[in-house]
Amino acid sequence: MVDHILSILVFFPALAAVLGFVVHKDSMRAYGVAVAAIEFILSLWLWHSFDPNVSGMQFIEQIALIPSFGINYIVGVDGISLFIIILAAFFTMIGIASLTDTKDVKNMIITLLFLQMTMVGVFVALDAIVFYVFWELSLVPMLYIIGAWGGPLRIYASVKFFLYTFAGSLVMLVGMLFMAYFYYQATGQWSFAILDWYRLILPESFQLWLFVAFFFGFAIKVPMFPFHTWLPYAHGQAPTIGSVILAAILLKMGTYAFIRFSLPLFPDASVYFMYPIAVLAIIMIIYTAMVAYAQKDVKQVVAYSSVSHMGVIILGTFALNVEGISGSIFLMIAHGVVSGALFLLVGVIYDRRHTKMMDQFGGLASVMPRYATIFGIMMMASVGMPLTINFVGEFLSLLGFYQQSHILTLLAGIAIIVGAIYMLSAYKKMFFGNVTKEENKNLPDVNKRELIALVPLVIITIWLGIYPKPILEPINNSVESVVQLMHEKSITEEAKKRIPNLVQNLAINKTSAREAH
Amino acid sequence: MLSPVNVSMESLNLVTLAPMLIPVVGALFILVIDMFKSSLDKSLYVMLSLLILGIDFAALIESAEIFNQSGTAMGVFDVMLIDGLAIISQFVIVAASILFIPLALSSKRFHEFSYPEFFALFLFMIAGFQFMVATDNLILIFVGLETASLALYTLIAMHNRDKSFEAAVKYFTMGALAAGFYSFGSMVFYALTGSIEINQIATVLAANNYADIGFVLVGVVFMIASFGFKLSMVPFHTWTPDVYEGSSAALAGYMSIVPKIAAFVVAMRIFEFLIHSGIVWLEVILYIGVVVTMTMANIWALVQGDVKRMLAYSSISHAGFVMAAILIGTTQSNSALFLYWILFSFTNLGSFSMLWISRQKNLPIGQSSDHSYEKFAGLAKSSPLAASIMALFMLSLAGIPPFALFWGKMYMIGSAVTGGYTVLALIMALNSAIAGYYYLKLIVYMFMKDPVIVYEGDVSITNATYSLKTIIGFATVGTIFAFLAVNPLLEFVTAFVYNSGY
Chain A
1 MVDHILSILV
11 FFPALAAVLG
21 FVVHKDSMRA
31 YGVAVAAIEF
41 ILSLWLWHSF
51 DPNVSGMQFI
61 EQIALIPSFG
71 INYIVGVDGI
81 SLFIIILAAF
91 FTMIGIASLT
101 DTKDVKNMII
111 TLLFLQMTMV
121 GVFVALDAIV
131 FYVFWELSLV
141 PMLYIIGAWG
151 GPLRIYASVK
161 FFLYTFAGSL
171 VMLVGMLFMA
181 YFYYQATGQW
191 SFAILDWYRL
201 ILPESFQLWL
211 FVAFFFGFAI
221 KVPMFPFHTW
231 LPYAHGQAPT
241 IGSVILAAIL
251 LKMGTYAFIR
261 FSLPLFPDAS
271 VYFMYPIAVL
281 AIIMIIYTAM
291 VAYAQKDVKQ
301 VVAYSSVSHM
311 GVIILGTFAL
321 NVEGISGSIF
331 LMIAHGVVSG
341 ALFLLVGVIY
351 DRRHTKMMDQ
361 FGGLASVMPR
371 YATIFGIMMM
381 ASVGMPLTIN
391 FVGEFLSLLG
401 FYQQSHILTL
411 LAGIAIIVGA
421 IYMLSAYKKM
431 FFGNVTKEEN
441 KNLPDVNKRE
451 LIALVPLVII
461 TIWLGIYPKP
471 ILEPINNSVE
481 SVVQLMHEKS
491 ITEEAKKRIP
501 NLVQNLAINK
511 TSAREAH
Chain B
1 MLSPVNVSME
11 SLNLVTLAPM
21 LIPVVGALFI
31 LVIDMFKSSL
41 DKSLYVMLSL
51 LILGIDFAAL
61 IESAEIFNQS
71 GTAMGVFDVM
81 LIDGLAIISQ
91 FVIVAASILF
101 IPLALSSKRF
111 HEFSYPEFFA
121 LFLFMIAGFQ
131 FMVATDNLIL
141 IFVGLETASL
151 ALYTLIAMHN
161 RDKSFEAAVK
171 YFTMGALAAG
181 FYSFGSMVFY
191 ALTGSIEINQ
201 IATVLAANNY
211 ADIGFVLVGV
221 VFMIASFGFK
231 LSMVPFHTWT
241 PDVYEGSSAA
251 LAGYMSIVPK
261 IAAFVVAMRI
271 FEFLIHSGIV
281 WLEVILYIGV
291 VVTMTMANIW
301 ALVQGDVKRM
311 LAYSSISHAG
321 FVMAAILIGT
331 TQSNSALFLY
341 WILFSFTNLG
351 SFSMLWISRQ
361 KNLPIGQSSD
371 HSYEKFAGLA
381 KSSPLAASIM
391 ALFMLSLAGI
401 PPFALFWGKM
411 YMIGSAVTGG
421 YTVLALIMAL
431 NSAIAGYYYL
441 KLIVYMFMKD
451 PVIVYEGDVS
461 ITNATYSLKT
471 IIGFATVGTI
481 FAFLAVNPLL
491 EFVTAFVYNS
501 GY
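These protein sequences, in sequence, are chains A and B. For the record, in the first sequence the residue sitting at position 86 is 86 according to the working numbering, with numbers rising by one throughout. For the record, in the second sequence the residue sitting at position 335 is 335 according to the working numbering, with numbers rising by one throughout.
It is possible that some hints are incorrect.
What the hints assert, rightly or not - Dumping the calculated BS3-like pairs for lysine-lysine here, alpha-carbon to alpha-carbon at most 30 Å: (1) A:K106 with B:K441; (2) B:K469 with B:K381; (3) B:K469 with A:K160; (4) B:K381 with A:K106; (5) A:K103 with B:K449; (6) B:K449 with A:K106; (7) B:K163 with A:K160; (8) A:K25 with B:K449; (9) B:K381 with A:K25.
To be verified - Not the full set, but computed from the structure, chain B residues with beta-carbon under 8 Å of chain A: (10) L395; (11) Y411; (12) I413; (13) G414; (14) S432; (15) V444; (16) E491; (17) A495.
No wet-lab data here; the hints were simulated from the structure. Predicted model only: the values in this text are computed from it and were never measured. Glycine residues also receive a C-beta, built at the ideal position from the N, C-alpha and C atoms.
This is chain A alone, in the form it adopts within the complex:
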């Protein structure tokens, strides 16, 4: 069974969702939690069976789908994708568990289970078309979640979300078809398998164009400045569960795809575009931080801060060395945990007051002490305080990029401090001072159901902040092989210089070790 664990992980939620139509709506929540818990346990089992010392793909399965056009169902997992899969399973579980009274709860849970299938599918797919299938399919459940359960502007927000991402992905599809065509020209065989593509060395001019085509698809998903405009609407209108899944998992598809596709396929283009993208990332960090400071709605603050941190992830990815990329993958997980938790926390207060305006709150710390504590921890994690999960990722990302450019790293570091300003001021407005509003005086503190969702997140935040090794090590192994591949594949002098050669370093380390003896 462990040979097919990935397919089971992908299709188990979908099967459960189909069967879920039969389940009575009063029992639906329990069914959803049970299914998501089984899925989560399966994902933990995957981690257990995963060999952290192997850098390549594991648990590979291959089934021919359209062999005459080189499309196969290939799935596999390595250190880069493993933890995002676990994160997806985990968030679906706590998302369903913490669902408050929603209308049509049955439809919501079925939709979430379908969404889970597409999310896991994206992260395990090793064939470009299969990847694309899941990537596009993930839009549909999200469209429905935002459009059916969202706020007053939900239709505009959901359609904008859908069309924006759809348009970007279609450009990416053209890029994929070109890539397959180049592979066909080089080898005489059609193939969409990513591992086959890794072996293909393209001239720099081709790389540049293809990089741009893929960039559109990924950058809109991340979303990078200036393609980020759909996100505040989507977050602003989405129900809590929608925002949580969107911020924690869906946005990671973009950054993950950069590491899975753009870097190893187009190393020279990655180096070529490193500075422009880094500048975009820094604009994204600073600009969205400033916008976040101006928000009156606490959910928008969290939404913009989430965009801002995605900028750090991009920066780390385009450091193009082991520290930066490992850091960015770690930060993806950290960002998922922290921003997911923050959206859950905003949902908690929204359920009680049905408003998200910060001026409606104030002095909540005295009314809801447990809530204030958890919010405080998560906010500290979000601003990157040491010993929290975000700090590890941000530190490594910046450390990685420091080797490429000092000035830009400095700018990004300053921007993270600005991040602290808006988060702290938001926290001040909500929690400190006197309780000014009559309605706030008797708010109940977080209840058991909410604690079930929030406490594990707090534990993860602090545990991985203090001891990140169990996650960082497998990530590091896989990233090393990616960076080495990039170095070997790159053609230009510039790229050879920018992307470190790990084998050589290793050799040097060994000789110096021998000399030391």
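Given the coordinates of chain A, work out where chain B should sit on it, guided by the hints.
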């Protein structure tokens, strides 16, 4: 004294005629039955038509086997040409007709289905299309085209509403114009080469190295105009939305598939050698036509207030998309055309059938047209299954994987990439994104809005019967599980297209 004309039956190869003669004989048979006993129920005629089409399909399988063994067959004084293109397109024509004809068994009684002539004309029309695709001869193409078109005009008019008469007359007028253009185009080619066989024309033109390029272009322009009408390419598309609106939803769905595949095959035969001859002008005209058809139809579809008109514009856009295959002109693109159209016929017939089963006899107050968007508002609450199926068809039309049409789109864009048409590939991709909006609009109405008009009972299945639901079930399964069928289809289509030399 003249010696008697001596033609051996062997050389006529009459078996090439079999697939066309079956529906003709069947149609006559239906008329004969009506002579003996009139006012029989429509179910009899539907089932008879199904049986006849079934036999037709079997005959096609037979000729496909012959093609596999001995390649292209000529027959009846070399007028008939049974090559791979002819066989695949006939498969599509007959299969789509088999899916269409049970739609006549609606629960509401509609005027046209009470006449046996409807079914006879329907079978004549199929025979016409089959003749049209299975020949190389410009005159026989014309005969097939006119047989089919005249039958189709009548079928539309039999719907017996004011709008249907308008639609039929409009279609007839435009069709007559197209027929005129076609005969002018043929005349020019005949004058240039002294032949009415397309391959002869190609040979003669190539032999004198396109010396009379001016006249060739005149002929080409007439041909493009004529097929522009038949395929509803912009700017010859103006009849399409009105005709679709005037005819019943089922027939509109049928019209968006079968007449077009026949026209595509003829266009492929005529334009293929011209494209490969390197006439830049033709390429430019076609390029502009393809891009304008895709883009403009998409933009017009955005602003429609009626789902049927929206689908009409969307099928114009799809036709433009597929026309790109003829422009690209490689084996891959021609196979992509057939793959696309097979997948498209499933999805599009399904979505028009969904409109058909929700068809009311009379419009209630507040509903502006038969299938206005308001009618579908909040459908997900009243009948979730119908709404989900409709949404599925819309997603498939929009090209969301893994539903049927995505594979066609992917392969088509892939063929543009392989053929060196990079910009065209991008335009095709971006057009799919524009199209996403209006398909999404219907989903938004169904799933995210509240009902506008209160209906008695379930409006989405007011016209439904078991046979209609079965057809929709077929279309749904075909749309969802298309990814399993793509590989065999692709291999089959590619082999047939390649062996016919396209």
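Each hint, compared with the structure:
Our distance criterion of 30 Å between C-alpha atoms is met by K106 of chain A and K441 of chain B, whose separation comes to about 24 Å. For the given pair, K469 of chain B sits about 20 Å from K381 of chain B by alpha-carbon distance, which is consistent with the 30 Å threshold. With a CA separation close to 34 Å, the supplied pair K469 of chain B and K160 of chain A exceeds the 30 Å bound. With a C-alpha separation of about 13 Å, the suggested pair K381 of chain B and K106 of chain A falls inside the 30 Å cut-off, and the hint holds.
Using a Cα cut-off of 30 Å, the hinted pair K103 of chain A and K449 of chain B holds, with the two alpha carbons roughly 14 Å apart. For the hint linking K449 of chain B to K106 of chain A, the alpha-carbon distance of about 18 Å falls within 30 Å, and the restraint holds. For the proposed pair K163 of chain B and K160 of chain A, the alpha carbon gap of about 37 Å is over 30 Å, so the pair is violated. Restraint check for K25 of chain A and K449 of chain B: the C-alpha separation of about 22 Å stays at or below 30 Å, so the hint holds.
Between the alpha carbons of K381 of chain B and K25 of chain A the distance comes to roughly 15 Å, so the proposed pair stays at or under 30 Å and holds. Interface hint at L395 of chain B: satisfied, since its Cβ lies 7 Å from the closest Cβ of chain A, which is below the 8 Å cut-off. Restraint check, Y411 of chain B versus chain A: the minimum CB separation of about 7 Å is within 8 Å; hint holds. About 6 Å separates the beta-carbon of I413 of chain B from the nearest beta-carbon of chain A, less than 8 Å, and the hint is met.
Satisfaction of the interface hint for G414 of chain B is found here, the shortest Cβ-Cβ separation to chain A being roughly 5 Å, below the 8 Å cut-off. With a least beta-carbon distance of about 6 Å to chain A, the hint placing S432 of chain B at the interface is held under the 8 Å criterion. Hint on V444 of chain B holds. Least Cβ distance to chain A is approximately 6 Å, under the 8 Å limit. Given hint, E491 of chain B at the interface with chain A, holds; its Cβ is 5 Å from that chain's nearest Cβ, closer than 8 Å.
Among the interface hints, the one on A495 of chain B is violated; its C-beta lies about 10 Å from the nearest C-beta in chain A, farther than the 8 Å criterion.
Of the numbered hints listed earlier, those contradicted by the structure are 3, 7, 17.
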